[in-house]
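Participant: Sequences listed follow chains A and B, in order.
With numbering that gives the first Met the number 0, letter number 301 in the first sequence gets 300, and the count goes up by one each step, no holes.
With numbering that gives the first Met the number 0, letter number 45 in the second sequence gets 44, and the count goes up by one each step, no holes.
Since the hints were made in silico from the structure, they are not lab data.
Note that beta-carbon positions come from the ideal geometry of N, C-alpha and C, so glycine has one too.
Just so you know, not all the hints are guaranteed correct.
[Said to hold, decoys possible] Capping the alpha-carbon separation at 16 Å, the derived lysine to aspartate or glutamate pairs in EDC-like fashion look like this:
#	chain 1	residue 1	chain 2	residue 2
1	B	Lys30	B	Asp65
2	A	Lys18	B	Glu126
3	B	Lys18	A	Asp65
[As the list claims (entries may be wrong)] Some chain A residues flagged as far from chain B (calculated, every beta-carbon gap over 10 Å):
#	residue
4	Val25
5	Lys33
6	Ser56
7	Arg61
8	Asp65
9	Ser116
10	Gly132
11	Lys185
12	Phe190
13	Arg225
14	Thr243
15	Val279
16	Glu292
17	Lys294
18	Ile303
Spelled out, the chains give:
Protein chains: 2
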Amino acid sequence: MSQATLLSGVLAPVITPFKADLSPDVERYVKHCKWLLANGCSGLAIFGTNSEANSLSMDERRMLLDALLAAGVPASRLMPGTGCCALTDSVALTRYAVEQGVAGALMLPPFFYKGVSDEGLYRNFAEIAQRVGDSRLKIYLYHIPPMTAVPFSLALVERLLKDYPGTVVGMKDSGGDWKNMEAMLKAFPGFQFFPGSEEFLLPAMRLGAVGTITATANIGPAAIDRLFRNWQSAEADAMQEEITDFRRAITRFPQIPALKHTTAIYTDHPQWAVTRPPLVSLSAEQGQALAAELKGRGFDMPGIRG
Amino acid sequence: MSQATLLSGVLAPVITPFKADLSPDVERYVKHCKWLLANGCSGLAIFGTNSEANSLSMDERRMLLDALLAAGVPASRLMPGTGCCALTDSVALTRYAVEQGVAGALMLPPFFYKGVSDEGLYRNFAEIAQRVGDSRLKIYLYHIPPMTAVPFSLALVERLLKDYPGTVVGMKDSGGDWKNMEAMLKAFPGFQFFPGSEEFLLPAMRLGAVGTITATANIGPAAIDRLFRNWQSAEADAMQEEITDFRRAITRFPQIPALKHTTAIYTDHPQWAVTRPPLVSLSAEQGQALAAELKGRGFDMPGIRG
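Hey, can you work out the whole structure from these sequences and the hints?
Facilitator: As structure tokens, this is what we get:
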């Protein structure tokens, strides 16, 4: 696989709609994915943190991937999350995704045990790479210590890049720590690096990032995509300021419920606001405040209704 | 189900042996479980932290449970870990275990998301209780913030006990914080409380605990069981001191690898020392130091060989 086929640009960690019985609403899921691809997303990081993927069983994840492909979403636009706590799950889900032709796999470290060694994490990824044993496999390491408390160190990334070149290819960094992003970008030229928030898009692009995988792309991908495509323009700093301001307005609310609530409003489908436990939907008060905030900004999700 | 049939005493969170390909070694697993029951364990908390259960797939866990039952281990002695990140997994595994007749289910909270609300955790357990919908279900809440970073608050426990009486029945507290254990024991008389370390066995028994579910029971259940059975005797404090001293000697080493290494030595089966990633076995130096420590103490696992 040539570098040219690797994903870049704005990827949404796609939120997952649930029916009243909390089963995934496949039809609305497919619709949302297609809307995202038509409105600024280059790709879909399905089964991420914002997707409540760890609240879904393996079968549910496979079913949703199947549904997207059956509906004509190209596998080449997909970067599913396939990193699980159990090695056998990670191998099975990654293999399945690769066999469907996905562009990459965004992999959490096994996240139950804390204080694990770089050696143990290395072995996890080495086993996965070897067991999947497919040259199409492109692993993006998912660094999100606020949830996992299991970080990827520079030394671990260096070792994986050295031992699995062409397989371990990139990272999503959702740590929120610019110093870490800067260090990763400077240490590994050619690393397919995505900051996990558009707040860092411009500075990261200037150091060689290839885009961003960001929660807010679920509701407003176009503005982020505009900065991605024009990061070298004179207007880039102003664009960055604008999207950062929007993100901060949204993330005053609990993030995943806020994205789902927003989608519920603009699709006119209240059920979209539902989360699986342990997450809870916004309260009525929060929902009203968010709606007012969005309205005040003249926010829209064009074409999402119906 | 009467109180009389609830598990009490010393339960081991059974360590899981792996073959060279890292698949579970069923034969040695069954043998270890039988040894534990014959040597001081009242029950087996299979699929716990020390079992590397989160490093096993759902199918692997079901398979191991099936193997124990097929080998004649009574379901009434089992308290499998069935709490997963995904609601659908928790429901499926808990239902399966209850259908096999297990004495209880030791349930982690969903542990991927951090900073979740009591309301979200409540809904998780409420959904599980309702969906499993079986009066035989006995849930023991598994409080282990050092791994999950998702604690059970007193208010949450109170609400669950009130709304699901006879279903939510107890707790394993592996937080290592005596103040929390004391608060739980004092707040909820009749709560089936197990400290997650024998270090707290005597003080917890004095406040109404029903036993302990502890890692070191994997290698030395007899001494812990002796204190459990004689906690009101004049020798109880001396017994507590002795088992605490042993535990501290062992937990100077990485805990799960040390338990497996010890079992490897006394079964004369080096493969027992193997862990799944992200855990790693003891280094040669650590292994030698542990072996010397055990030998110096005249430690033995009587009847474990062969």
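Participant: Each hint needs a verdict: does it hold in this structure or not?
Facilitator: Status of the hints after comparison with the structure:
1. B/Lys30 with B/Asp65: The given pair, whose Cα atoms are some 14 Å apart, holds under the 16 Å limit.
2. A/Lys18 with B/Glu126: holds (15 Å)
3. B/Lys18 with A/Asp65: Status violated; Cα separation ~33 Å.
4. Val25: holds (15 Å)
5. Lys33: It holds; A/Lys33 is separated from chain B by about 25 Å at its closest Cβ, greater than 10 Å.
6. Ser56: Contrary to the label, A/Ser56 does not stay out of reach of chain B, its closest Cβ about 4 Å off (not over 10 Å).
7. Arg61: holds (13 Å)
8. Asp65: holds (17 Å)
9. Ser116: violated (6 Å)
10. Gly132: holds (14 Å)
11. Lys185: At roughly 27 Å from the nearest Cβ of chain B, A/Lys185 sits farther out than 10 Å, so the non-interface label holds.
12. Phe190: holds (22 Å)
13. Arg225: holds (31 Å)
14. Thr243: holds (23 Å)
15. Val279: A/Val279 is in fact no farther than 10 Å from some Cβ atom of chain B, at 5 Å.
16. Glu292: holds (22 Å)
17. Lys294: holds (27 Å)
18. Ile303: holds (26 Å)
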